Amino acid sequence: MATATAAKPATMAQALNRALRDAMAEDPTVHLMGEDVGTLGGVFRITDGLAKEFGEDRCTDTPLAEAGILGTAVGMAMYGLRPVVEMQFDAFAYPAFEQLFSHVAKMRNRTRGAMPLPITIRVPYGGGIGGVEHHSDSSEAYYMATPGLHVVTPATVEDAYGLMRASIASDDPVIFMEPKRLYWSKADWNPEAPTAVGPIGSAAVRRQGASATLITYGPSVPVCLEAAEAAREEGWDLEVVDLRSLVPFDEDTVAASVRRTGRAVVVHESTGFGGPGGEIAARITERCFHHLEAPVLRVAGFDIPYPPPMLEKHHLPGVDRILDAVARLQWEN
Amino acid sequence: MTVQELPGAGADYRPTPPPAWRPRIDAAPLLPDAEPHRVLGTPAADRLDPDLMRRLYAELVRGRRYNAQATALTRQGRLAVYPSTVGQEACEIAAAAVLEEQDWLFPSYRDTLAAVARGLDPVQALTLLRGDWHTGYDPRECRIAPLSTPLATQLPHAVGLAHAARLKGDDVVALAMIGDGGTSEGDFHEALNFAAVWQAPVVFLVQNNGFAISVPLAKQTAAPSLAHKAVGYGMPGRLVDGNDVAAMHEVLSEAVAKARAGGGPTLIEAVTYRMEAHTNADDATRYRTDAEVEAWRAHDPILLLERELTQRGHLDDEGIQAARDAADAMASDLRDAMNAEPVLDPMDLFTHVYAEQTGQLREQAALLRAELEAEEQ
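Chains as they are written, first to last, in this note's numbering: chain A, 447 to 779; chain B, 3 to 379.
If we strip away everything but chain A, and leave its shape as in the complex, we get (with noise of 0.2 Å):
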């Protein structure tokens, strides 16, 4: 194939660069905006060159709030423009709550469809970076507990491109959660020829398997994977599926993957109670009882306040603590 030939590889990053710069390209209406994005590139150079590029008009370096941010992007949008917001970090996005509660997600509903608003708000999201207090929440709860909002996350440099492309060219508000420590994660891609990810809301089986199925997206997908290749020497055949979109949330797919497996753990970074493995659970034992050889388990964050960095490896799910949940599914039936 002619596009292999030309693949490299190419960091998570890069992808997302790349995306924002086609989308740019392609559609004067889309403006990035944000803390540090124009000179600087951004704090993790997501939004590296392009200011350079495309002016600071299209890439602005705006006052340091966030609520600003996100309610000057709501007027943008309103008048046409397709903003694509950077939160520098996922804690730093609570200033913006009240403009993405009261009005991001409900604008579309409160003028019957008149005032769509096509706003990207990329949080780059959760742990494992060393990084302190206030640097390394997983989010993603709050967002999906809001009717209006998308919220996806890409767990592969492809998916990166694709579900940003994806992202802003959906006519609704998406939450787009960058997994900061997959940032500098390396695959062989090919950015003459990236591939688009279909509408938002569907999932990827990364991993074929029989036994069990782990659930889980984001940061997690490299350590559920892992933890597959480890549980093949306990004789564990397990399936991995990536959620990609946690809204729209594809109950199709995951609920086909249980009912072959019989069994599912879900993983994430996020706090367990109340987390989004609750109510993916609940959906599972909705749509699959009859098919369950045992209660669908979760491995995730602690419900702790993020830990500091010389004690975060305690706190998010990694390979043992998943191997551990396999375990506790009733194999003995």
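The hints are simulated quantities; they were obtained by calculation from the structure and are not laboratory data. Values in this document were obtained by computation on a predicted structure and should not be read as measured data. Glycine residues also receive a C-beta, built at the ideal position from the N, C-alpha and C atoms. Among these hints, one or two may not hold up.
[Said to hold, decoys possible] Derived SDA-like pairs (lysine to any residue); straight-line CA-CA distance at most 20 Å:
1. B/170 with A/631
2. B/170 with A/472
3. B/170 with A/497
4. B/170 with A/504
5. B/221 with B/291
6. B/170 with A/526
7. B/170 with A/507
8. B/170 with A/500
9. B/170 with A/473
10. B/170 with A/469
11. B/170 with A/501
12. A/498 with B/169
13. B/170 with A/499
14. B/170 with A/475
[To be verified] Which chain B residues face chain A? A few, computed with CB under 10 Å, are given here:
15. 152
16. 156
17. 169
[Stated by the list, open to error] A few chain B residues that face chain A, going by a derived Cβ cut-off under 8 Å, partial list only:
18. 140
19. 141
20. 148
21. 159
22. 186
23. 188
24. 193
25. 196
26. 199
27. 322
28. 323
29. 327
30. 354
31. 360
32. 364
Given chain A's structure and the hints, the job is docking chain B onto it.
Chain B in isolation, oriented as in the chain A frame:
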């Protein structure tokens, strides 16, 4: 004057080590009004355009009647709630009057009168207050943003819209309305800051009506005036008699013209008074005296203009009657329209949450549909 035109500030402003401290900005040019600007009852009234003033007079009378009718509709259960602007009609009417067709109005929940004065059907303007789930109008069609209930949150929207229009090279000014209490919100600060940094064509109109529900201004701010807040952002702050419709029209027109010409944003504090309670659900006697309210009656916006125009011979009894008749006709139409039972389809609750319904919403819509069908049988 913008901050860029002042010495010591501007795009190249950076901290400098001593002894070469950068000069500080003199705030005085940004605060031209020693006291609220007035026109009616002053020599400046000689310059007034009689036709414009007669038009504004008719609008004020209509506005007062609209307020009365809307409050009456709450008593009849036809409106869930109505925040009155009796006493503040000059602010509402002038705000609508100074905008061009292509401009945008960003009202707070109290500003349905401004929306009506801009040309919106009163029934549409009152849709949310009636208890329905949607704004009742297409904001892009009339260039009136949805009424904003969360305080000050519509201000950044106005800034973003004005900024976007300017980037596109369009001639659009955004006028954002807020009350005195809202100036304490973080979004007020962020909106003014973004507007000044971007030199966005925005006008911020603060109606200082004395109270945030029950809390008086003294408990809201220690600033010498709300107009003073502009200085911190590097934009002019104007102080106006909010019951003097001629002064309001003049100051708002200047600010809109300045924004249109690329001169950046202006903050305007209109000093006025909320003659009625916060809403029909509020009891104002718990936090203010009748004597205070009575003192403001002598400074009623309709009275001030009517006196000026009749004394100058620009308005006679016939003109006054014509304005009242037109207002009565509007009120009668509004009453009739609001007395008709609204038809709401519960299934619409699911229609516009997303461009395309999610699987969950389809399931839930089916559940509600089944319940509705069971009710019918």
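Tested hints:
For the given pair, residue 170 of chain B sits about 38 Å from residue 631 of chain A by alpha-carbon distance, which is inconsistent with the 20 Å threshold. Restraint check for residue 170 of chain B and residue 472 of chain A: satisfied, since their Cα atoms lie roughly 17 Å apart, inside the 20 Å limit. A distance of roughly 18 Å separates the Cα atoms of residue 170 of chain B and residue 497 of chain A; the hinted pair therefore holds under the 20 Å criterion. With a C-alpha separation of about 11 Å, the suggested pair residue 170 of chain B and residue 504 of chain A falls inside the 20 Å cut-off, and the hint holds.
A distance of roughly 17 Å separates the Cα atoms of residue 221 of chain B and residue 291 of chain B; the hinted pair therefore holds under the 20 Å criterion. For the proposed pair residue 170 of chain B and residue 526 of chain A, the alpha carbon gap of about 10 Å is at most 20 Å, so the pair holds. Between the alpha carbons of residue 170 of chain B and residue 507 of chain A the distance comes to roughly 19 Å, so the proposed pair stays at or under 20 Å and holds. With a C-alpha separation of about 15 Å, the suggested pairing of residue 170 of chain B with residue 500 of chain A holds against the 20 Å cut-off.
At most 20 Å may separate the alpha-carbon atoms for a hinted pair to count; residue 170 of chain B and residue 473 of chain A meet this at roughly 14 Å. Of the supplied pair hints, the one linking residue 170 of chain B and residue 469 of chain A holds, its CA atoms being roughly 18 Å apart against a limit of 20 Å. In summary, the hint linking residue 170 of chain B to residue 501 of chain A is supported, as the alpha carbons are separated by about 14 Å, within the 20 Å threshold. Our distance criterion of 20 Å between C-alpha atoms is met by residue 498 of chain A and residue 169 of chain B, whose separation comes to about 17 Å.
For a cut-off of 20 Å, the pair hint linking residue 170 of chain B to residue 499 of chain A stands: about 18 Å separates their Cα positions. Among the hinted pairs, residue 170 of chain B with residue 475 of chain A is consistent with the structure: their alpha-carbon atoms are about 10 Å apart, no more than 20 Å. Checking residue 152 of chain B against chain A: minimum C-beta separation of about 5 Å stays under 10 Å; hint holds. Annotation: interface hint on residue 156 of chain B holds; nearest CB of chain A at approximately 8 Å, less than 10 Å.
Checking residue 169 of chain B against chain A by beta carbon gives a least distance of about 5 Å; that is within 10 Å, so the hint holds. Checking residue 140 of chain B against chain A by beta carbon gives a least distance of about 4 Å; that is within 8 Å, so the hint holds. Against a cut-off of 8 Å between C-beta atoms, the interface hint on residue 141 of chain B holds, since the closest Cβ of chain A lies about 5 Å away. Here the hint on residue 148 of chain B is kept, as its CB sits about 6 Å from the closest CB of chain A, short of 8 Å.
For the restraint placing residue 159 of chain B at the interface with chain A, the shortest Cβ-Cβ distance is roughly 4 Å, inside the 8 Å limit, so the hint holds. Hint on residue 186 of chain B is violated. Least Cβ distance to chain A is approximately 14 Å, over the 8 Å limit. Hint status for residue 188 of chain B: holds, given a least beta-carbon distance of 6 Å to chain A, under 8 Å. Contact between residue 193 of chain B and chain A, as hinted, is supported at the beta carbon level, the nearest pair being about 7 Å apart and thus within 8 Å.
Nearest Cβ of chain A to the Cβ of residue 196 of chain B: about 5 Å, under the 8 Å cut. The hint holds. Because the closest C-beta pair between residue 199 of chain B and chain A is about 6 Å apart, less than 8 Å, the hint holds. With a least beta-carbon distance of about 39 Å to chain A, the hint placing residue 322 of chain B at the interface is violated under the 8 Å criterion. The beta carbon of residue 323 of chain B is not positioned within 8 Å of any beta carbon in chain A (closest approach about 40 Å), and the interface hint is therefore violated.
Against a cut-off of 8 Å between C-beta atoms, the interface hint on residue 327 of chain B is violated, since the closest Cβ of chain A lies about 35 Å away. Interface hint at residue 354 of chain B: satisfied, since its Cβ lies 5 Å from the closest Cβ of chain A, which is below the 8 Å cut-off. The beta carbon of residue 360 of chain B comes within 4 Å of a beta carbon in chain A, closer than 8 Å, and the hint placing it at the interface holds. The interface hint given for residue 364 of chain B is broken, as the beta carbon of that residue sits about 10 Å from the closest beta carbon of chain A, more than 8 Å.
Hints 1, 22, 27, 28, 29, 32 from the list above are not met by this structure, while the remaining hints are.
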